[in-house]
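Line by line, the protein sequences are chains G and D. Residue numbers 1 to 576, in the numbering used here, belong to the letters of the first sequence in order. Residue numbers 1 to 444, in the numbering used here, belong to the letters of the second sequence in order.
Don't take every hint at face value.
[Claimed, not checked] Here are the computed lysine to aspartate or glutamate pairs in the EDC-like style, where the Cα-Cα straight-line distance is at most 20 Å: (1) D:K177 - D:E165; (2) G:K161 - G:D182; (3) D:K96 - D:D179; (4) G:K195 - G:D117; (5) G:K106 - D:E106; (6) G:K106 - G:E96; (7) G:K468 - D:E362; (8) D:K430 - D:E398; (9) D:K247 - G:E358; (10) D:K247 - G:E352; (11) D:K338 - G:E278; (12) D:K363 - G:D436; (13) D:K422 - G:D547; (14) G:K106 - D:D216; (15) D:K376 - D:E359; (16) G:K468 - D:E359; (17) D:K379 - D:E416; (18) G:K411 - G:D449; (19) D:K363 - G:E473; (20) G:K531 - D:D374; (21) D:K379 - D:D413; (22) G:K127 - G:E68; (23) D:K96 - D:E190; (24) G:K531 - D:D216; (25) G:K106 - D:D281.
I should point out that these hints are in silico values taken from the structure, not numbers from a laboratory.
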Amino acid sequence: MSTTGRITGVNGNMITVQFEGAVGQNEVGFARLGELRLMSEVVRVRGRYADMQVFEDTTGLAVGDRVEFSGELLTVELGPGLLGQVFDGLQNPLPELAEKCGFFLKRGMYFPALPRDRSWKFTPSVKVGDAVSAGDTIGTVPEGIFQHRVMVPFGLNGVWKVAEVTGAGEYAVDHIVAKLADAQGAVIPVALMQKWPVKIPIRAYAERLRPTEALTTKIRIIDTFFPVARGGTYCIPGPFGAGKTVLQQLTSRYADVDIVIVAACGERAGEVVETLREFPTIHDPRTGRSLMERTVIICNTSSMPVAAREASVYTAVTLAEYYRQMGLQVLLLADSTSRWAQALREMSGRLEEIPGEEAFPAYLESVIASFYERGGVVTLKDGSTGSVTIGGTVSPAGGNFDEPVTQSTLKVVGAFHGLSRARSDARRYPAIDPLDSWSKYGGVVAAQDVAFARQVLGRGSEVGQMMKVVGEEGTHLDDFILHLKAEYLDAVYLQQDAYHDVDCATSAERQRHVFATIVHILRARMRFADKDAARQFFHRLTQATRDWNRLAMEAEEFKQQQSRLEGMLMEADSHA
Amino acid sequence: MHKVYHQIDNIAGNVVNVKAHGIRYRELAEITSRRGTSLAQVIRLQGDSVSLQVFAGARGIATDAHVRFLGHAMQVPFSEALLGRVFTGSAMPRDKGPALKDNFIEIGGPSVNPAKRIIPRRMVRTGIPMIDVFNTLVESQKLPIFARAGEPYNSLLARIALQAEVDVIILGGMGLKHDDYLSFRDTLEEHGALWRAVMFVHTAADPVVECLLVPDICLAVAEQFALANKRVLVLLTDMTNFSDALKEIAITMEQVPSNRGYPGDLYSQLAARYEKAVDFDTAGSITVLAVTTMPGDDVTHPVPDNTGYITEGQFYLRGGRIEPFGSLSRLKQLVNGKTREDHRTIMNSMIQLYAGYRETLEKQSMGFRMSSWDQKLLKYGAMFEKEMMDLSVNVPLEGALDLGWRILAGCFDPVETGIPSKLIEKFWPKQVSGARAEAGRSQA
Ligand SMILES: Nc1ncnc2c1ncn2[C@@H]1O[C@H](COP(=O)(O)OP(=O)(O)OP(=O)(O)O)[C@@H](O)[C@H]1O
Ligand SMILES: [Mg+2]
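Next comes chain D alone, as it looks inside the complex (with noise of 0.2 Å):
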């Protein structure tokens, strides 16, 4: 039904160029060559010249490959079928499960009307004291960890999907290790979050350009789910690699790069996929969670900046704690007055005890001699990282609260840590012992 075309006048990186009537921008193609068939999709036309970026990568492509258009944009099936399945980065079937055929929805689409937006208000409970006190994830944020490549910012990723109170999660993966793939599906299943969870996986191995569809699959299924009210919770792992395949796209294209080699698009590209994340006013939400890795461990790296731009916040993984400072969740306001009346009394003044155990660090790096106060806030700094930074902490919010207590008093005199009296009253256990007991209780 659909022409084939056998003639590819040009080929360079991963793009392909034919002679061709009637086709549509953004058309999807099959390329049928000795090495297989790809997907590929229309990224320019110029006369009868149509180029080709092809998913799979050009490599092995002869001039004589066949080329049949498939008179449509790119598409995913939908149904809760998909739920409980893995998929590569092109949506085919990477488990031994059956292909879909059903129900296909375009990837991509137009974006939401801001006037149907709606102000978040439920956070979302992680059980890591470093996001629920100090940062808290609200439902439909769009938030990215950046971290240094070897961080262990997937396994982050799965804890915060399994905790989370969503219906759905979605895993996409971008240039994922295999292991990490496997360790992603097993912890899923282990937990039995398996059946709620879609992945869309495109592992290191596969070629860089297929990275390029993961996004928008992923949002796109996120959407149907979150119209049909479900809570959607998307994991997209690691967005560097998707704006590394952008920009080797881009330089085959010759187009002039805005810096260190990035296109100038970079924003508008990061930023349509981010923004999906959305509460909508009378169905379900979508949350994102990506993994920014920053080369050379630099945040003014184009991939970082821009997405920090673009994000409502970011989470800064180092170490193996998430760094308090740097670190910030825009929305939280909107839910931490609502939780407990100390929370924000114990975000602020933690932090503001932890700044200055930070100073006093480099005080005493530079030799200047300890004050008592210092000691105080060398005390405190050691029990704040290693009990309420370390990511093994898993305590759920009033129980972190609790627990801020318990070292503020194992370390201060309620005076010195500048919290009103209304709340020290209530809160500052009586003596250190007898505050677990008290902790217990409020939990109940």
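Excised from the complex, chain G in its bound form (with noise of 0.2 Å):
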């Protein structure tokens, strides 16, 4: 029998419920408002009170209504039909609410995450007898370009024999295709999805690895500069308009993984359109299907409950989980994280919890750091490996790094992109601090090359603060060339044109051909008779590199245009 109780308070979206029977931590309720149930999720329990997080408006809740447990904590499913699907932070296909409710969102509308009525092509892959535990794949589907493993579920302890299995066949999701038995002769029925609670990882793997596998974003600067690694997590502060989204929604298309889950947190809705809208028109260049085939969306934008917020990213976390059973890499890009620490202080203070710094909870940190456990690379039961990578944007108030938001991320993850307001402000895009930034995990080019570069990068950024203060004609001649030299640098390597066919999305083999010449570059002795004839060269060399950047690398022009800069430094060596 479920546990049922009443309303006693509410306050915004927290109701305190007194109940009879029992409640656990983080199980789900469901507040009722007439005929609308409006879920909600136990966050404390004090006697016969429960505080519960109503994942939607109250608007309208009164003392004394009624509100169901249901002995779960929140959950999602799992299994074919989530590629190419856009969920709010609950998992409901919003899609499919649009076509029942019209152009609003409407509270206490819940549709199944899968739909029940399309089928599947099950091809199984054990046999009755066979022995198998959580984790295991039983069979397979095909998912667009993927093998959708239909795998033993998730939280089952112990070795299960497989007492029965179909045949190959088109089943709906929830259609039961194995059973299995353990020795005591219990049997667990096996369906092509599965159900599993968000906060709690996913563990059914063989071992867990260290990060060293480079993940190419494509952009230059991070995967020469500040790599991240496959199963390795970053973050990207940023003040407004410093270029946190467009950031991720370009490392969304280009990066080189098997699967995107994009979790729009708390941030605006028209960004997550222009997604939604786009994808579907774009080919990925490795599968020649459209993007949004290797995309999940999570969408809880800003004006989207706060509660719901909170949730989502877990949700978001989950669905990159199950695809790592798989054996595919998948990235995790959730914008911005900020948000979902927001929501935890919304609830902190109905809470009435003590507060930490700027009235965050004191757990932030190590709530914090729990969401970033769960990227990883692992080795599967059947030897395969796959890797959750974790992107989080981080919205520091004031665009301070120093505030608890960024402090907490920054202890717990493998590479800091942190975003510039001057370099925004000069459009230098991306506008990743060159000098501020750091990355723990290795890239894509020789590492001596780098530390050259972002030697000539700091000692050049010197010269130029200095001159602010002498001018250039008090500058040394050789100190102006190396100011120019890390001024090229950033300019054709570190800014990159997001909105150029060629330009926008570097592969690693590219970059470590470019960058070769360009360290090469920078290490060159230059002669100059004056300031002006150093300037000028630069000038040209900036604009003959810009445009080598723009050409295709399998076009005849490019190896030409690198000829021409070759050309280039051999009169820069001959001039003065």
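From these two lone chains plus the hints, build me the complex, please.
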């Protein structure tokens, strides 16, 4: 028999409920408002009272209204049909909601995430008598370009025997395709889909590995200078308008991964719409299929209910872990983790917990840490490897990184791509600060070249600072050239034109090639008659290198342009 | 029909507490005291204790005031009859017209399903070159004007409202100075635009918390017009007053402030309003232009800061001009590729050169020697500021682009601008005097 209760208080999206029976932490309940059932989650239990966050607008709830507890945690459906979908934070399919409810979201409407009327072509890969355990593959169904694995429920303990398995055929997601039995005679049915509570990591793998392999995002400043590893984690903090979202949109298009989960968490709806409308029309050069077929969007934008925003990042990471279990490389992009942290703060405030810095709860740091901990590379029980890479944006108040969310995040991630207002104002995109950012992972080019290039950037910037005080006249020609070299590296390599067909994405191979050439230029000794001559030379060199960036690597002109650059370099050497 | 309660237990700030049963969250009540009647809204329920936020302010309310619950949340009447009318911050007539009593709609409704939105695609023409050329406003955009108090942001709003080709203008005033309200009204009237405008005006003289209703009322009305296929422009001034009213209530309710006294949900509160801007796939649209005054001229102040994280760009109004740096229309690239082929080039080149001018100014102030290039930039900067940036300049986009070419030609050689030769050939004025004739032709 399930537990019920009555509302005794309403404060924003928090209700206090007096209940009879047993109630668990994070258990889901439904507040009744006439015909409507508003989904809620227990966030604290004190005696016979449970405080619950309501995932919907609470307008109209009254003291005495009934609450029904479900006995379950907040779960998501995992199975074929997730790819290409757009869900809200509670895994409600938004297009379906639009079909049923029109222009506006409607509270209390919950639809199954996976359509029950669609069937999938199942091929079993076990036979009766086989021994299996959590996460093992029972069979596969094709989902787009992937072989979607139908797996033994992740929560199952111990070793089970296949008691029954159906033959190949077309089945709906809730169709039972196998039955498993244990030594005691207990029987568990396995369908094409399973459910999993979002706040608990899926751990049905053999071993967790250290992330070592670079994940190519095709953004030069990232892959060369501040790389991300498959199974690694990174964050992009930056003031408003500095380019966090654009950077994530670019990554979601071009990153070299199998699947991208986009978690639009508390940001603008308009930005999701761009992805939603454009991805179906963009072809993924790797697969020849539309980008949408490798993408899932979890969309809980800023005007949608705040508690569901908190849930949305967990929904997203659970879907990512699920596809990882199939031996796939998954990238989760969360924009913005600050909005999720703010959702925690709102709830903490209503619970009247003792606030920490900027009113964030004291446990903020551990919550952020355990979220990023869900990234990783694992070997699965069949020997294949899968990974979840997590990249989160951070939106610090006033653009000041010295605040709780940025600082807690920096403690746990493997790479930091800090966006600077100065760079975005100067339209130097992507506005990742090359002097402040860091990464603990290995990249796609030779490490000693990167170290050298960073040195050039650092010293060039020092000269630039000095020049502001003493003017160009007071700067030594050699220092001036160093400054021009740093500016050159910035202009032709760090900066990248997001809207140019070729320049928007640079493959690892091309980065190695181009970077070697540029480092060669940076290392060259140059002699000029005077500063004007030096400046003019670098103007032309910059222009020529930018043109080079815009040529396809396979094109004949690419080689010609490179010879031209080399010719110019000779010229600089013979100056003076 | 609704029960009346007589006993107020607690009065703090603008929040009162009464004991009552069966009251719904966010329900409205009328509180009648010796001072008159005010609307109030339920903001917390705890057992039989009901906290009410009093819109007219709790000053003067006594413990024996009458509280009558209305059984519904805040509503406004919606019909075409709203057009041409002026209301208070709680939607009562402020003009001499009749109170409207039909077709009540709820305010603060749910948000639009992201799956029903479309990518914005139409430019809003304002006749202001700093907007049309450099940071094009796009239908369904949400954009604030960041300014210090005292800048002419309200006249800028009024001007955009008049020149934008929209069907309905909705003005929401929050803490608006009475003079500013009158000049809004008179400007619209003079230009014959009053008949397509509705105003909800809370003035600086009205109780502070009453302004909390204004954005929701304006946007609910806007939504209805937009659903009826109208292109609606909503002007909200000043959202900093709105935020300050939120702060006041939060402090009264003893919420832990997150930043300089503002509540932790300021972002969500502002976003809930701004996100009402929308282009419906099969109906009209809502464009939101707001004013956010920056206390201490500081963008990192919580109100402009949170706003910047929500809106699709911002215009900085400084010294009576729209500042080219910092100002940004994030949607401009959706439309400025389809206007005229030289639009993006003029936009980029002129701004780059203007940035050069600013650097030169800095060098000049440090006493460094001015090169001949510096001299050119100085001449350019002065012309740019006078002929483009000045807010009194009023030309259609095409005229502004032609003007841009004339300024460039008056200051530089074509190669110095870095503009591709194809466009130079087509657009560079042959000689400055001949350019005017040409400009006249392309405008016709
Ligand atoms: N790589 C880029 N190339 C060209 N323009 C860019 C780039 N990145 C950002 N921009 C410009 O900056 C604007 C803001 O970028 P974006 O939306 O990514 O900022 P954000 O950091 O996500 O801001 P917020 O925190 O407010 O969401 C874009 O609309 C675009 O005009
Ligand atoms: Mg963003």
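Pairwise hint evaluation, D449 (chain G) against K411 (chain G), where the allowed Cα distance is 20 Å at most = violated, 27 Å
Verify the proposed pairing of K531 (chain G) with D216 (chain D), using a straight-line Cα cut of 20 Å.
-> violated, 60 Å
Given the hint that K161 (chain G) pairs with D182 (chain G), test it: the Cα-Cα distance must not exceed 20 Å.
-> Between K161 (chain G) and D182 (chain G) the Cα gap is close to 6 Å, so the pair holds against 20 Å.
Take the C-alpha atoms of K106 (chain G) and D216 (chain D), compute the straight-line distance between them, and say whether it is at most 20 Å.
-> holds, 18 Å
Take a quick look at whether K177 (chain D) and E165 (chain D) sit within 20 Å of each other, Cα to Cα.
-> Cα-Cα ~27 Å, so violated.
Agreement of K106 (chain G) and E96 (chain G) with the hint, judged by alpha carbon distance not exceeding 20 Å = The given pair, whose Cα atoms are some 12 Å apart, holds under the 20 Å limit.
Does K96 (chain D) pair with D179 (chain D) here, judged by a C-alpha cut-off of 20 Å?
-> Given that 20 Å is the threshold and the Cα spacing comes to 18 Å, the pair holds.
Below or equal to 20 Å on CA atoms is what counts here, so check K531 (chain G) against D374 (chain D).
-> holds, 16 Å
Agreement of K430 (chain D) and E398 (chain D) with the hint, judged by alpha carbon distance not exceeding 20 Å | holds, 18 Å
Restraint check for K106 (chain G) with E106 (chain D), where alpha carbons must lie at most 20 Å apart = With a Cα-Cα distance of about 14 Å, the restraint between K106 (chain G) and E106 (chain D) holds, given a limit of 20 Å.
Within a Cα-Cα threshold of 20 Å, do K422 (chain D) and D547 (chain G) meet the stated pairing?
-> holds, 17 Å
Sort out whether E190 (chain D) lies within 20 Å of K96 (chain D), counting only the CA atoms.
-> Given that 20 Å is the threshold and the Cα spacing comes to 19 Å, the pair holds.
Checked against the numbered hints given earlier, the structure breaks hints 1, 12, 18, 22, 24 and satisfies all the rest.
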